[in-house]
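Chains A and B are the protein sequences, given in the same order. Under UniProt numbering, the first residue of the first sequence carries the number 1, and numbering increases by one thereafter. Under UniProt numbering, the first residue of the second sequence carries the number 1, and numbering increases by one thereafter.
Honestly, the hints are just simulated from the structure, not real lab data. Worth double-checking, as some hints may not be accurate.
Restricting the straight-line Cα-Cα distance to at most 25 Å, the calculated cross-link-like pairs of lysine-lysine (BS3-like) are [as the list claims (entries may be wrong)]: (1) A:143 - B:176; (2) B:170 - A:143; (3) B:175 - B:146.
Quick partial rundown of chain A residues pointing at chain B, CB under 8 Å, derived from the structure [unchecked claim]: (4) 44; (5) 50; (6) 52; (7) 55; (8) 59; (9) 138; (10) 142; (11) 145; (12) 147; (13) 148.
Built from N, CA and C at the ideal position, the CB exists for glycine as well.
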Amino acid sequence: MNIQNKANKYVCPNDRQLSLRAKLRTGWSAARSEPPLTPSEREAIAAVVKRAEKVDEVEAKRIGRLVARLEGMRRSARGPAPRTCLLCGETARLLSPLRTCAVCRNTACSKCVIDTPPHRSPLYSREPYMCNLCAETREMWKKSGAWFYKSVPKYTLPERKTTRRYAETELSRTLQEAGNSSNEGKTDSEPGSPLSIHAPSFSRQPSNTESRKSVPSPHDGPFDWNETDILTHGFSGLSLHRADSLNQRPLGLKRTSSKSSAYSVRNARKDAQKPVTQIERAPAIPDAGFGTLEIRLAYENATSSLAVTVLRARGLIGMDMTGLSDPFCRLEILPKEGTYSNRLRTKTVHKTKNPEFNETLHFFGITESDLSVKSLEIVLFDDDRYGCDEMGSATVSLRECAKSPTQLRLALSGASGCEPTGPRILLALCYSTKKRALIVTICRAAELPSQDSNGYSDPFVKLHLDPDPYHKKHKTSIKWRNLNPVWNEEFLFETRPTELSRQNLTLTVWDKDYGKPNDFLGSLILGASSKGRRLKHWMDCIKYPDHRHEQWHSLTDTQHL
Amino acid sequence: MAKTYDCLFKLLLIGDSGVGKTSILFRFSEDAFNISFISTIGIDFKIRTIDLDGKKVKLQIWDTAGQERFRTITTAYYRGSMGIMLVYDVTNEKSFENIKNWIRNIEENASADVEKMILGNKCDLDSQRQVSKERGEQLAIEYQIKFVETSAKDSLNVEYAFYTLARDIKAKMEKKQKEASNPSGGRSGVHKPTLNDARKPVTWLSRCSVL
Numbered sequence: 001m002n003i004q005n006k007a008n009k010y011v012c013p014n015d016r017q018l019s020l021r022a023k024l025r026t027g028w029s030a031a032r033s034e035p036p037l038t039p040s041e042r043e044a045i046a047a048v049v050k051r052a053e054k055v056d057e058v059e060a061k062r063i064g065r066l067v068a069r070l071e072g073m074r075r076s077a078r079g080p081a082p083r084t085c086l087l088c089g090e091t092a093r094l095l096s097p098l099r100t101c102a103v104c105r106n107t108a109c110s111k112c113v114i115d116t117p118p119h120r121s122p123l124y125s126r127e128p129y130m131c132n133l134c135a136e137t138r139e140m141w142k143k144s145g146a147w148f149y150k151s152v153p154k155y156t157l158p159e160r161k162t163t164r165r166y167a168e169t170e171l172s173r174t175l176q177e178a179g180n181s182s183n184e185g186k187t188d189s190e191p192g193s194p195l196s197i198h199a200p201s202f203s204r205q206p207s208n209t210e211s212r213k214s215v216p217s218p219h220d221g222p223f224d225w226n227e228t229d230i231l232t233h234g235f236s237g238l239s240l241h242r243a244d245s246l247n248q249r250p251l252g253l254k255r256t257s258s259k260s261s262a263y264s265v266r267n268a269r270k271d272a273q274k275p276v277t278q279i280e281r282a283p284a285i286p287d288a289g290f291g292t293l294e295i296r297l298a299y300e301n302a303t304s305s306l307a308v309t310v311l312r313a314r315g316l317i318g319m320d321m322t323g324l325s326d327p328f329c330r331l332e333i334l335p336k337e338g339t340y341s342n343r344l345r346t347k348t349v350h351k352t353k354n355p356e357f358n359e360t361l362h363f364f365g366i367t368e369s370d371l372s373v374k375s376l377e378i379v380l381f382d383d384d385r386y387g388c389d390e391m392g393s394a395t396v397s398l399r400e401c402a403k404s405p406t407q408l409r410l411a412l413s414g415a416s417g418c419e420p421t422g423p424r425i426l427l428a429l430c431y432s433t434k435k436r437a438l439i440v441t442i443c444r445a446a447e448l449p450s451q452d453s454n455g456y457s458d459p460f461v462k463l464h465l466d467p468d469p470y471h472k473k474h475k476t477s478i479k480w481r482n483l484n485p486v487w488n489e490e491f492l493f494e495t496r497p498t499e500l501s502r503q504n505l506t507l508t509v510w511d512k513d514y515g516k517p518n519d520f521l522g523s524l525i526l527g528a529s530s531k532g533r534r535l536k537h538w539m540d541c542i543k544y545p546d547h548r549h550e551q552w553h554s555l556t557d558t559q560h561l
Numbered sequence: 001m002a003k004t005y006d007c008l009f010k011l012l013l014i015g016d017s018g019v020g021k022t023s024i025l026f027r028f029s030e031d032a033f034n035i036s037f038i039s040t041i042g043i044d045f046k047i048r049t050i051d052l053d054g055k056k057v058k059l060q061i062w063d064t065a066g067q068e069r070f071r072t073i074t075t076a077y078y079r080g081s082m083g084i085m086l087v088y089d090v091t092n093e094k095s096f097e098n099i100k101n102w103i104r105n106i107e108e109n110a111s112a113d114v115e116k117m118i119l120g121n122k123c124d125l126d127s128q129r130q131v132s133k134e135r136g137e138q139l140a141i142e143y144q145i146k147f148v149e150t151s152a153k154d155s156l157n158v159e160y161a162f163y164t165l166a167r168d169i170k171a172k173m174e175k176k177q178k179e180a181s182n183p184s185g186g187r188s189g190v191h192k193p194t195l196n197d198a199r200k201p202v203t204w205l206s207r208c209s210v211l
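Chain B extracted, bound-state conformation (with noise of 0.2 Å):
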């Protein structure tokens, strides 16, 4: 069951309910798409793993319910997660203003290192649109996060848009350890006293026979 692989990252969907995260979701994992509407429960996680520059990584990817009864449960999720993916639906008003909430709720509740990602999703259904591509972008530039339209319908950006979190994700784990390497330089201070050691009875000698 169990293939070897190299990192496990956790990815989080969250949106208002019905924006077609658990559509993403099936899409990415089982390239399938299944037109009627069934609201997740609680929580779910699907699993895949993909090949990011020769390694390979394990995505788990927790799809949370939109529904405001289920908040307890998901908000549990968001800490644990490196990756979280902010999905509102194009032809809905409402889920695009409430990404602002779902944004304040991951400061809240989310870990600071966290990486965000906006998808408007349903943009396959031009003709009920909503919101233009330009206000989701303008959303993500005043965030700061990448930003991409997809269709779980027609499988577009969906696959883009879960590797590119999880570049993302590689890239600030890179960055983190480049950061770690300042402490480590500080810990060969722990080494030096070997050092000294050597040197301490020689100088508490040569003390010694100055007096």
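The following block holds chain A by itself, in its conformation from the complex (with noise of 0.2 Å):
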């Protein structure tokens, strides 16, 4: 009895206690009675609250262009690769070197991260830099209010279709629809935002992801229908992924599209008077996996000239480390005509595998006879600074174009040549994982340039890694009077395999001079910023180490540091 007495005083209250406690309220003002609302304040609430989703839409279309923003500039970065900018891909120079964000730890060039302020916070008294990307998502977390509801409140992506996340909610059509009217007439839009250049672009697109992947990065500018088309041709997600990333290089994209409308008004008068003979190749060839080719040969019997319309490529092999390529071509008439060159090159189009080339050639002083005994070889190039490694090449027989313009598409063959001519070097890399080092062997070169007045050079190679914490700096001997040196001398850099990917291995190779400055004969560099056959072997011997993996190397005349 005594024992349950105390146990009533301190039980604790159950839940049922606990509920009906709540529904009470008590400590609060008592009189609880609830007239139901009338009509008319209904009506005034309703109106409100209308009010308040007007204000709601506006805020979701503004948290909409900070994400569209947001996701453009992601779209637009090149994506974290060592020794090269997240966002511009700007490699590390001397210079300017690259700073690492505080924040995703990636490396960025100077321009493309802030400073943050040192009194902020300690955590970035180290590193006190933040890339754009950061800096943006930060600003946009802020912006939209995600600070406070922990996640991107609702928001109307900047063109006219979806709203995300609550899509489904009647308020949302109706945000769709006064957004879509006032997509028109907007003001409150920033100066450069995406939206009101490329709303058209966006009716076009059928999917969902598509759409996404198109929003378009505030750099871009003006669009080219001609590349939207190209956007909805829907190709692989990376292609695409990179195609927009191309219009981030307005400047030499606008440069053939603005030629090739120059010559297309000289070639629209030539194209009324002849039809076009659609002659497809594609079905023929099949493709080699090198790519397609599409150009236009129009023969003008008056000026006796050949012209030439690089119109564009089609899959192209990657060559760097993201897997694309800056593609150019090289167009030549064959056989040549003794030594008179005829060879002409496109310009570079930059990290693409899909280029638009749209650029006429004009070959003069072929004759109508010629037309049926030469061809027309075109290779391309992947450019770079260290030479030019090619992609793929077509021959095409002039006798195609004798009659009328035809346009053609080519399939390409691969690169012909394996080996490098010219100035060229032999080593051999090996990454021993005992040593812990990068054991280079330097084993011969061959067709050196002389620089001596005998003839001869007298070459010797320098390398070294860059950056190296060590410093390390090789030298081979002199080999005296000789154009295909044989030196087997190996050489190490202490690395690590990790830091290999983001290391380069710079040789230069030097003529032996007293008395004056020691000449340049070539130069190479090897590593992951490289391309092609350089950039194979590098990740060759990154991944197998412990292997010895020989290769030529065609040396390239510029010299840099």
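Hints in hand, dock the two standalone chains.
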């Protein structure tokens, strides 16, 4: 009895008691007569709610713009790669070293980082830089109110399509309608905001993901219809993604497109006279995996000139780390006549596997008889500071265009000569896990240019790794009076395999001279930022350590630091 | 209609009926005063964009009805607000006592991160004063909330009150941002695997060579 009393005294209120108490709301003003709302009151409240929806809509659109902006930045960013800027792909140089973002730990060039004020947080004191992407993300987080709501609130992307997240409500539908109408007379968009420019292109995009992919970055500027067409023709995710990073370089693009338009004025008249015969060669020639090239040939009797319009290439092989290339075409009429070089090249289109060249090149002095015997050779190269790698080639007989202008689609065949010609060097790379060092063997060089008056050179090779914490520099011995020297000398660079992917091996070949500065013979850079054969060699070395990887590389005559 | 702005802050005015919430808001948004008393029906809001340290901050200020019968509607607006102003009437003892209830109401319904502020309105009516400024300050200290006496009629401290609250919210935002950098520091761990990827085949192969 006694015990029971005690228990009652201190018993914990059970859930039912608690819920009942909550219903009573004791301690709060007791009178709780709640007459239902009158119709007029309901109307007044509904009007307020409607007004609030308008505000929310403006807010949703504003956040949508922020999100789209960030998305655009993300997409146009090159992505993290060793020793290159996360955003613009700039490589590290002597005077503009890369900074490390304190947030995402990626490297970015000085143009793409902001200094975070040191007083803001001790966290940044070590690395006071933040890449623009992280800064923008933070800004978005702040401006959208996501900091408070713990997630990005409801937003409408600045296209006319979808309200994300809570798209299913009636409210959002009215939002969209209102959004459409106000999109036309847009007053509150920031200058250069992507939506006004791109609005039409979205209406053509069928799928959601597609449209999401091509939310333009604010840098795009005027967007060619042509260009959007390409985007809508679904390529693989990567190429689509990269195709619009191509727009990042409006310079190159605009140059070619304006050029083509200038030519098209001339061509238009011609086309009116002679109907273009479309010969689709694509089904005839199977794609060898090197992509296709579209060209148009037009021969003009009066001026005995041949106009070759290089339209576009598709599905080229990737040459650099990101799987993209910087292609350009070299055109040559074969066979050659004497020493007269009939070689022309297009401009380079950067960072793409599907370049739009749209460039017309003119060969003069082609007689009609030439047409039946000569052919046009087109070789695609990957433009690189350290020499150009062949990406594919195609040959077409000029007979095709004798009668009327023809448009052709050529399948490219693979690079012809695997081994480079001209000044070249044979070296072997091997990463030794035991010694924890990169072993570079300079085997031999061939066809070096002569620099001395005796018709020979006295070559030696200098090599170093960059960046190298140990600042090791090596030199081979000097091979006197020799244009095809054989060294077979080994050099060690202490480094970690993880470091290797962001280091470059720089080789320079010199002609030893006494009494005057040494003559430069050629150079070679191997690293993750190099391309083609050089990249492959480097990556093989990283991927398969403790193996010797021997390869010839052509030397370039450009001297770089 | 819509000007660009950098942030949107949602504020809320609560307090007993007739303390002058609507008047305060009317003073702040339109810089005007209406002597007649019209009870707010349910909820209402006003917009004003202010400049805070060079940032354009749009304030969406929700005005609620103090009357009990609209409580269900008004409490629905607690959660979305970043700042809440608790208003009492210095000439009305009861409204001051109820502030505690309002605070409890906030704790039950609003977000935990919400910024609060207590306003003692109608401070121009000194002759009818029932609640001294000291008592108000005492309460504010008790709850660790900022406090200011205002007068919507004389336009006293109204502007100051809203600016202070907005500034507090902004400060909280900056603080949150800094805290957020800690998890983002942890996020760098997500990026690390890219480094490890390069290492992985090496370690795997080197182990093979040992065998």
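Here is what the structure says about each hint:
1. A hinted pair counts as satisfied when its Cα atoms are at most 25 Å apart, and residue 143 of chain A with residue 176 of chain B qualifies at roughly 13 Å.
2. At roughly 10 Å between alpha-carbon atoms, residue 170 of chain B and residue 143 of chain A fall within 25 Å of each other, so this suggested pair holds.
3. For the hint linking residue 175 of chain B to residue 146 of chain B, the alpha-carbon distance of about 18 Å falls within 25 Å, and the restraint holds.
4. With a cut of 8 Å, the hint placing residue 44 of chain A at the interface with chain B holds, because the nearest CB-to-CB distance is about 4 Å.
5. Hint on residue 50 of chain A is violated. Least Cβ distance to chain B is approximately 12 Å, over the 8 Å limit.
6. The interface hint given for residue 52 of chain A holds, since its Cβ lies 6 Å from the closest Cβ of chain B, which is under the 8 Å cut-off.
7. Taken as an interface hint, residue 55 of chain A checks out: its beta carbon lies about 6 Å from the nearest beta carbon of chain B, inside 8 Å.
8. The interface hint given for residue 59 of chain A is met, as the beta carbon of that residue sits about 5 Å from the closest beta carbon of chain B, less than 8 Å.
9. Given the 8 Å rule on beta carbons, the hint for residue 138 of chain A holds: about 6 Å separates it from the nearest Cβ of chain B.
10. Here the hint on residue 142 of chain A is kept, as its CB sits about 6 Å from the closest CB of chain B, short of 8 Å.
11. The closest approach between the C-beta of residue 145 of chain A and any C-beta of chain B is roughly 6 Å, which is under the 8 Å cut-off, so the hint is satisfied.
12. Interface restraint check: residue 147 of chain A against chain B, minimum CB-CB distance 5 Å, threshold 8 Å, status holds.
13. Taking 8 Å as the C-beta contact cut-off toward chain B, the hint placing residue 148 of chain A at the interface holds, the least distance being around 5 Å.
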